[in-house]
Structures are given as C-alpha cells and as structure tokens.
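Asks: Listed below, chain by chain, are the residues.
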Amino acid sequence: MTLLDIQDFSLTVAGRDILKSLSLTVAPGRIVALVGASGSGKSMTALSVLGLAPPGARIRGSIRLGGRELTSLSDREMDAVRGRDVGLVFQEPMTALNPVLSIGAQVAETVRVHTAASRAEAARIADAILTRVGLPADRFPRSRRPHELSGGQRQRVAIAAALALRPKLLIADEPTTALDVTTQARILDLLVDLVRRDGLGLLLISHDLALVAGVADQVVVLHQGEVVEAGSPATVFNTPQHPYTRRLLAATEPVRRQPAPPPPGQPSSLAAPLLVARGIVRDYPLPRASWWGKATHLRAVDQASLAIHRGESVGIVGESGSGKSTLLRTLLAADAPQGGEVRLLGQPWSAATEAARRPLRRHVQMVFQDPVGSFDPRWRVERLVAEPLALLDPPPGAAERRRRMEDLLVQVGLAPEDADRHPHEFSGGQRQRIAIARALAVSPDLIAFDEATSALDVLTRAQILDLLADLSQRLGLAYLVVSHDLAVVRALTDRVLVMQGGRVVEEGPTLEVLNRPRHPYTTSLLAATPTLAGTQVA
Amino acid sequence: MTVMITLEATPDGAEHRSRALAAGLLLTGLVVGAALLSLVWTPYDPTAINVAGRLAAPSAAHWFGTDAYGRDVFSHVLAGAQSALAVALAAVGVGLAAGVPLGLLAAARRGWVDEVTMRASDIVFAFPALVTAVLIAALCGPGAVDAIAAIGLFNIPVFAKVTRAAAQGVWARDYTLAARLAGKGGGRISVEHVLPNIAGLLLVQATIQLSLGIIADAGLSFVGLGTQAPRPSWGRLLADSQTLAGQAPWLVLFPGLAVLAAVLGFNLLGEGLRARLDLKRGLFARRGR
Numbered sequence: 011m012t013l014l015d016i017q018d019f020s021l022t023v024a025g026r027d028i029l030k031s032l033s034l035t036v037a038p039g040r041i042v043a044l045v046g047a048s049g050s051g052k053s054m055t056a057l058s059v060l061g062l063a064p065p066g067a068r069i070r071g072s073i074r075l076g077g078r079e080l081t082s083l084s085d086r087e088m089d090a091v092r093g094r095d096v097g098l099v100f101q102e103p104m105t106a107l108n109p110v111l112s113i114g115a116q117v118a119e120t121v122r123v124h125t126a127a128s129r130a131e132a133a134r135i136a137d138a139i140l141t142r143v144g145l146p147a148d149r150f151p152r153s154r155r156p157h158e159l160s161g162g163q164r165q166r167v168a169i170a171a172a173l174a175l176r177p178k179l180l181i182a183d184e185p186t187t188a189l190d191v192t193t194q195a196r197i198l199d200l201l202v203d204l205v206r207r208d209g210l211g212l213l214l215i216s217h218d219l220a221l222v223a224g225v226a227d228q229v230v231v232l233h234q235g236e237v238v239e240a241g242s243p244a245t246v247f248n249t250p251q252h253p254y255t256r257r258l259l260a261a262t263e264p265v266r267r268q269p270a271p272p273p274p275g276q277p278s279s280l281a282a283p284l285l286v287a288r289g290i291v292r293d294y295p296l297p298r299a300s301w302w303g304k305a306t307h308l309r310a311v312d313q314a315s316l317a318i319h320r321g322e323s324v325g326i327v328g329e330s331g332s333g334k335s336t337l338l339r340t341l342l343a344a345d346a347p348q349g350g351e352v353r354l355l356g357q358p359w360s361a362a363t364e365a366a367r368r369p370l371r372r373h374v375q376m377v378f379q380d381p382v383g384s385f386d387p388r389w390r391v392e393r394l395v396a397e398p399l400a401l402l403d404p405p406p407g408a409a410e411r412r413r414r415m416e417d418l419l420v421q422v423g424l425a426p427e428d429a430d431r432h433p434h435e436f437s438g439g440q441r442q443r444i445a446i447a448r449a450l451a452v453s454p455d456l457i458a459f460d461e462a463t464s465a466l467d468v469l470t471r472a473q474i475l476d477l478l479a480d481l482s483q484r485l486g487l488a489y490l491v492v493s494h495d496l497a498v499v500r501a502l503t504d505r506v507l508v509m510q511g512g513r514v515v516e517e518g519p520t521l522e523v524l525n526r527p528r529h530p531y532t533t534s535l536l537a538a539t540p541t542l543a544g545t546q547v548a
Numbered sequence: 294m295t296v297m298i299t300l301e302a303t304p305d306g307a308e309h310r311s312r313a314l315a316a317g318l319l320l321t322g323l324v325v326g327a328a329l330l331s332l333v334w335t336p337y338d339p340t341a342i343n344v345a346g347r348l349a350a351p352s353a354a355h356w357f358g359t360d361a362y363g364r365d366v367f368s369h370v371l372a373g374a375q376s377a378l379a380v381a382l383a384a385v386g387v388g389l390a391a392g393v394p395l396g397l398l399a400a401a402r403r404g405w406v407d408e409v410t411m412r413a414s415d416i417v418f419a420f421p422a423l424v425t426a427v428l429i430a431a432l433c434g435p436g437a438v439d440a441i442a443a444i445g446l447f448n449i450p451v452f453a454k455v456t457r458a459a460a461q462g463v464w465a466r467d468y469t470l471a472a473r474l475a476g477k478g479g480g481r482i483s484v485e486h487v488l489p490n491i492a493g494l495l496l497v498q499a500t501i502q503l504s505l506g507i508i509a510d511a512g513l514s515f516v517g518l519g520t521q522a523p524r525p526s527w528g529r530l531l532a533d534s535q536t537l538a539g540q541a542p543w544l545v546l547f548p549g550l551a552v553l554a555a556v557l558g559f560n561l562l563g564e565g566l567r568a569r570l571d572l573k574r575g576l577f578a579r580r581g582r
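For the record, the sequence lines run as chains A and B.
This note's numbering applies: residue 11 is where the first sequence begins, and numbers increase by one.
This note's numbering applies: residue 294 is where the second sequence begins, and numbers increase by one.
What the hints contain is simulated information worked out from the structure, not anything from laboratory work.
Ideal Cβ placement from N, Cα and C applies to all residues, glycine included.
Wrong hints could be hidden among the right ones.
Derived coverage of chain A by chain B (criterion: at least 3 residues anywhere in the stretch with Cβ under 8 angstroms from a Cβ of chain B; other residues may be distant) [claimed, not checked]:
1) 232 to 238
2) 319 to 331
3) 368 to 377
DMTMM-like, lysine to aspartate or glutamate: derived pairs with alpha carbons at most 25 angstroms apart [unchecked claim]:
4) A:Lys178 / A:Glu158
5) A:Lys304 / B:Glu408
6) A:Lys30 / A:Asp18
7) A:Lys304 / B:Glu485
8) A:Lys178 / A:Glu263
9) B:Lys454 / B:Glu485
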C-alpha cells in the first residue's frame, strides 16, 4: 500500500517548467530521499504536496495521499490536510517556531487548531509527543521558550509540532542542514526511529548524498525538475547511471589535491612561521546574577596554541560552541585575548595597538560563513572588493583599482561586468567567489575561512573547493579553515586541530587524524559524519 | 536548499499604507505650502489690528473670521505655520546633529562609553520638555529659541537611542568585521557602513519627532513660553481665544485644525515611509535562491 503517490506531476510557473512529469511513491514505514542541488525542484515538490505551489502555477498530473487526490482539493480542504495528514519540518527551527510561545504551547496550539481537544487534553498530547521526540518533561519543562534550547533541541520541538496530529506522512526539508554533525546524527536517528516504530512515511529532502545514504530506503535524484535516477541507495550510489548522479557523488566526497610544493629555498617548516598563537584564552562575561553579584565569565577558548607556516593549510574542526570561531576572531585580532599572545610575521599582533597592526593587516584576510551578511547590501561589487585596498601603501589610483578588481573577478571565475552589480543579484556560490576576490585583493599570505562552504550545496561546494585548491597552488597562499564539515577539512588542509569545549584535544596531519583518530572526541565526530562508504559495504 | 514561503502582505494592507503615504504627503504639503505662501502673501497683514471688525464670523472677506482684536484668522493661521515648522524643524535638526553621533559612538565603542551615553539620555528623558522650557525661559527669556532649545534637547536622547539600537544591529553583521579587517576604524565604519544602512529609519523617526515638535511648540506658545507676540503662532492664537470659544468658536476651530493637520500629516508620512522601507528591506531579503 502506498501512502503518497505522485504520478506524472508537472509544475509550470510563469512559463518555466519547475517540475517535469515527476513520479515517486512513499509507503508507510519507509524513507524516500529526494536529492539534488539548489534549484533542482526538491522544495517545490514538497510545497506541491502541501498544496502550496506559488500562485499562478500550472499543474498537470496527480498527487494522491492515502488514495485521495490532492490536486483537485480546494484551499479550505487542503488546510485540513496540512498538519493533520502531512507534517512538515523545515531547515531552520528558529524561524519555524514562535519565539514567544513556550514549547508546550507551541505543540498544543497545533492540536487545538485542528481538533476539538480541550486545553488540558491538548497539553497532555503535546507533553506525550515532546517526550517521544526525546525531550522528557523532567529535563525540558514545557514552559521553556525556543531561545533557551540548542539548535538540535529546537529541531526536536519542530518535529513534535509536525507530529502533533499523528500525520501519516512527514516531509522533512533539509532538517539537519543548520546543525553540526553530532546533532545531525541524533536528529536523523530520531527520524529513523519514528519511521520504523510508528510506521510513518518520510519524504526526506536533502542535498547531501552521504547523509541520505545511511538512512533512506529509496533515493530519488532530481535534476532541473526531472527525476534522473531512482532506486535503493546501494544501487544508485554504487552503479550510478546518470552523469548528474555521478557529479553529485564526486562532489560529496571531494578529494585532496596534491599539496603545493614547498617554495624554493629552505623547507617551509624550518622557516619562521607566518602566524603563531601561544596559550590563547578567551573569556566572555556572563550577566551578573544580581547588581552586587560576582562577575562571572564563560571560558570559550582555553590555552589554545597553533602555528601556521607559509603556504600551509591548517584546519580547525569541532562542533558548535567548541570555541573554534572565537579562536579565529582572536587570531585575526578582531578581539583581544585574556591570556596568551598571537604574533604575525614574527611581530606582536594581539598585543599591538590597532594603529601598529594596520600595516600588517594586509597579510591576513578572511572569508565569512554567511554570504549575505558579509557584504554591505548597499555597496556594489566594485566597492566591496576594493575596500581592503586601502591597506596597501600607497593605495592604488582609480584606474589601477578598477583594472585590478576586474582581474580579481576573472581569477575567481566571475565576469568583469559583475563589478557594477549589487551582492543580492548573485547566488550563494557566486557571493562566496566575490568574498574570495575581496580577500585576494591585497595579496595576503593567509586567508581564514569561517565555515565558508556550509551555506552551499554539494556541487557549489565542490566548485569553491576546486577554486581554493587552485589559488593556493598558484599563489602559495596559506589557509586557515574553520569548519564542522570534515569533508571540507579533508579536501583542503594539510594539518588539523580538533577542538572541544575550548581546548585543542588533538592535532596532526589531516589524513592521519581523520583516518586514525586518537582522541575519543575525534572518533565520535568521525562516527557522526555520514559517508558514502557505508552504503558501498551494504 | 529552501524556498522561503513569504506570506505576502494582503493587497488591502499595502493599499492602506500607500494611502497613508499619499494622505501624509497631502497634509504636510498643505502645511508647508501654507508656510511658504505666507512668506510672500497673506490676505491681510496677520498682525494688523482692526477693532471695528472684531469677532467677525467666517465670511467671503474673512474666510476664518476675525479675533478679539479684529486680526484676520486665516492670515494668522497661514503665518503661524511658519513658526510651527521652523521650531519643529530646528528642534529635529538639533536632535539629529547631537543625537545621531552620540548613538553611533555608543554603538561603536560599547562598554563604558555606551553606558554613560545611555544613562545621560535617561536623565534628559526624565525631565518633561515643558519643565526644561520653563528652565531655559528663566535663564534666557521666552521666545522661539527657548522652544527650539527645549524641544531639541528632548530630541537628542530620542535620536541617540534609536541610532544606537539600529547601529548595534548593523555592527552585528559580518560586513562590519570585514571592514575592520580591511583596516577601517570605528569612525569610518560608522560613517561608511552604519549610517547609510540606518538612514531610512532615522528619516522615519525624524517625521515622528516633527509631529511631536509641532504639538510641543503649540503647547509652549499656549502657555506663553514659545514664539512671542506679535509674531503669529497657533498656540498663542488658541490661548488668546480660549475665553471666547463659546462666543466665537471659529477662533478655536481653525488653529486647532491647523495643528491637527500638521501632526496627522507628519505621522501618516512617517507610517507610509516606514512601509516603503520595509518593502525595500524585503527586496534585499529576497537574496538568491
């Protein structure tokens, strides 16, 4: 018996074919994964099932849920289907939850909207479901608000809200993309458990093949609105038929390029390091308990040390809250450490005044995680890329600046004409290219990346990684790569530091650490990271 | 990949806001037009006394009637727009000129600078504008400058707080850190990144402060602390005629309507502009797919 049955479904919006005769079925107790890159039509499929296709969309084909045709239902009839028959879980739990409602009320509200349950009854149902998703009442009082929970716990609340009415089908749209690997593994376990024990049907939408490889019963690969391949994970991943599937697979586990040959002269490890940090300590003040209470603080980084040599690529891995981003900010002298010292090119860096640091700033640049927030929305690309040029002595004139900037844009795979556009006119991958061009503008020795690829899908991620490998080889750049994505660290770095609770718990050559971890925390990080290797054995 | 499900504002809501903007522009246009017109022409000299024609009801000769001294109320209301606008604009200017830099400084420096600026703002807030005006009048004598100083002083913490809150939002964005890594200091980042991104919000706040300024000016001149005779002023026209309201209601009606038009106009303008800005932010929010 099938639960969801999509047959020959096409969707056209404003003359563009978004979905082309898509067919897929989900049975109770089964997990069907819908995979593809950004813009492949994955999310549009989910919205179509919920009757939320954009206004003015033309629809052909059929979507049946439990034998009932959905495409012919009125909006009012669809309202009853949404929530009651189909539950939906989004990527970002913080925006899906109402920040002023307690978690108990959040879930109970859904119950009361759709059923005649009394207030007390709804609260009881909500309590039972929250317990089911792993939030027992004794540890997570129902009066908690979303902001008091971690990302993974918030996603559990969102799942509870989606399940409140006991729907038969759950649609999860990138449910773990905003979470770090260990949390991701726990949320996936929960979803699998719900399917296996409660007989739910799950349509899991993701761009991450490795992630779905371990859990899905069936994989459907979507490319430009068309199903190009479907089958069991073992078949699809071991013997991919379609070239697009092969591209996705290759992008999922990027391979390490040959490390750059050491610059002529002495071996790089003997030369003075580019950047050295010794015993870095960073404390965040916590709010005082009362006006006269003792000032307390949170130790975000505890006695961290590291050195980066010319042309070397160093990674820092760890889950959210491990202190890796805080350490990075200290290394860039954006914040002052409470203990320890950072030196750049053998000169005082963290201990120097900003005026003394200024001539050194051009040696270190940074690429940020969020390709939206790292650009002033009012500035054009030309001004954005040229902003750091003020660090050069003397700063280039207008004509020289323009020529240089067009050069940089071409170097990162953009067109010179892009200089006159605004950042919001670009895709996420293109914006990261602009960020890289900006970082390159002052010919730095070291570029730091803070989760620079985590907002991108696998294909775009692979392209950016290729670009970075190419640039480091041609320009002899050193990289500092902060990421929770072990695939990125594996592909890009020579040496890696593993951080947990503000401390560096393991350090060594990347392949050695990732293949033969010594610290238990590294082992657990690796175990939580989904890989394609598992399917190949199965 | 995610598709943002944007719940589009109902057409009614959008229409309502664009109507607010249109009505606001119309009313403020009327008030500004009256002030400009009175610079070059009024039907009568607004200060000319004509005891014979006192307390005349509205007629073709005197549209809004005449007051106890036989002055033409229409001319007086037209000319009164001048002082009302001048005082409110100058007071907003004072607030912007002092409050915005203070707010930017507090957001850029944080720590004790922030603390001192904000607590000082709270202290100024604690004094009602009227009490401040009485104080200043006692020191320098009543007049338009007294009103500007009192209202302007009150505007400074308003703009300082609004600027600081909005600037903190901008400072939380990565692009300010990026600018620091590009070697820019707090001052330059405040001017190049922060100020342009909060300018729209300040404009909206300025229109709201303008409407408050007009009420405050009317109130101050009502109690004799604002613009002094014989210069025309709405508040004093109301004060002069309060005992005659039963006998000659037009004396209260028309200056009252003028104050209402100005206040309502600037408020609607602010609301309409705010909606426009949200729309613009929406454009930027639609970032890529």
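Asks: Compare the structure with each hint and give your call.
Replies: Hint check results:
A stretch counts as covered by a chain when three or more of its residues have a beta carbon under 8 angstroms from one of that chain; for the stretch 232 to 238 of chain A and chain B the count is 0, and the coverage is violated. Given as covered by chain B, the stretch 319 to 331 of chain A fails the check, having 0 residues with a CB less than 8 angstroms from a CB of that chain where 3 are the minimum. Note: the stretch 368 to 377 of chain A has 6 residues with beta-carbon separation from chain B under 8 angstroms; the three-residue rule is met and the coverage holds. Our distance criterion of 25 angstroms between C-alpha atoms is broken by lysine 178 of chain A and glutamate 158 of chain A, whose separation comes to about 30 angstroms.
Only pairs whose Cα atoms come within 25 angstroms are accepted, and lysine 304 of chain A paired with glutamate 408 of chain B is accepted, the gap being roughly 19 angstroms. A threshold of 25 angstroms between alpha carbons decides the hint, and for lysine 30 of chain A with aspartate 18 of chain A the separation of about 8 angstroms falls inside it, so the pair holds. Proximity of lysine 304 of chain A to glutamate 485 of chain B is assessed by CA-CA distance (about 39 angstroms); at most 25 angstroms being required, the pair is judged violated. Restraint check for lysine 178 of chain A and glutamate 263 of chain A: the C-alpha separation of about 34 angstroms exceeds 25 angstroms, so the hint is violated.
Restraint check: the Cα-Cα separation between lysine 454 of chain B and glutamate 485 of chain B comes to about 20 angstroms, which is no more than 25 angstroms; the hinted pair holds.
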